[in-house]
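**Q** Sequence:
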Amino acid sequence: MRHGILSGDTATVAGMATTEDRVGMLEMRVKTLETWAGPGQAEALAEGHRAIRADLGNLRADVGNLRIDVGKLRVDMARVQKTQERHSRLLGRLTSDVDILQGDVAGLKGDVAGLKGDVAGLRADVEVLKADVAGLKADVAELRSDMAEVKGTLQEILRRLPPPAG
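Each residue of the sequence shown is one higher than the one before, starting from 46 at the first, in the numbering used here.
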């Protein structure tokens, strides 16, 4: 089994079997870390680490709020879905009603066209009746004239008759 340099007392690299060697190795790594970090870097890293933790806490709170909002949105979407389904059913019924009404309107248009034809025929009949009435008026006028003439002739005949015997 292979182990890392700092894991256990067994030798993993030739010549580095003792604990002192491992401690020495750690000291060198810490020295390198301090050299790399420079003075004040550890405090700056710690401050950055605290800021990251604070941001992470805020992020977790925001995620929690987002989960609540998503839950509310799901409820709202379910309500919208139900409303949309109800509207779809109503639209289907309305579409059916409109189709029926369109058929009725087409039938009424045909009826109106027939009535227009009937009215045109009645107008023609009225014109004929007006002509007939005008002819009748002329005939009545002529009959009146003839009756006046007959009355005049009858009066003349009655005047020429001998008086009644009495």
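Derived from the structure by calculation, the hints contain no laboratory data. Do not rely on the hints blindly, as some may be mistaken.
As the list claims (entries may be wrong) - Pairwise CB distance ranges, derived in the manner of DEER restraints: (1) Val-108 with Val-150: 54 to 64 Å; (2) Ser-190 with Asp-149: 58 to 68 Å; (3) Thr-128 with Asn-103: 31 to 41 Å; (4) Val-68 with His-94: 41 to 51 Å; (5) Arg-131 with Asp-156: 31 to 41 Å; (6) Val-150 with Asp-177: 33 to 43 Å; (7) His-94 with Arg-131: 16 to 26 Å.
To be verified - Under the rule of at most 30 Å between Cα atoms (straight-line distance), these lysine-lysine pairs were calculated in the DSBU-like manner: (8) Lys-175 with Lys-161; (9) Lys-196 with Lys-182; (10) Lys-127 with Lys-117.
Glycine residues also receive a C-beta, built at the ideal position from the N, C-alpha and C atoms.
**Q** Are the hints correct? Go through all of them and say.
**A** Now the hints, each set against the structure:
no., hint, in the structure
1, Val-108 with Val-150: 54 to 64 Å, "holds (59 Å)"
2, Ser-190 with Asp-149: 58 to 68 Å, "holds (59 Å)"
3, Thr-128 with Asn-103: 31 to 41 Å, "holds (36 Å)"
4, Val-68 with His-94: 41 to 51 Å, "violated (27 Å)"
5, Arg-131 with Asp-156: 31 to 41 Å, "holds (37 Å)"
6, Val-150 with Asp-177: 33 to 43 Å, "holds (40 Å)"
7, His-94 with Arg-131: 16 to 26 Å, "violated (55 Å)"
8, Lys-175 with Lys-161, "holds (21 Å)"
9, Lys-196 with Lys-182, "holds (20 Å)"
10, Lys-127 with Lys-117, "holds (15 Å)"
The structure does not agree with the numbered hints 4, 7 stated previously, though it agrees with the rest.
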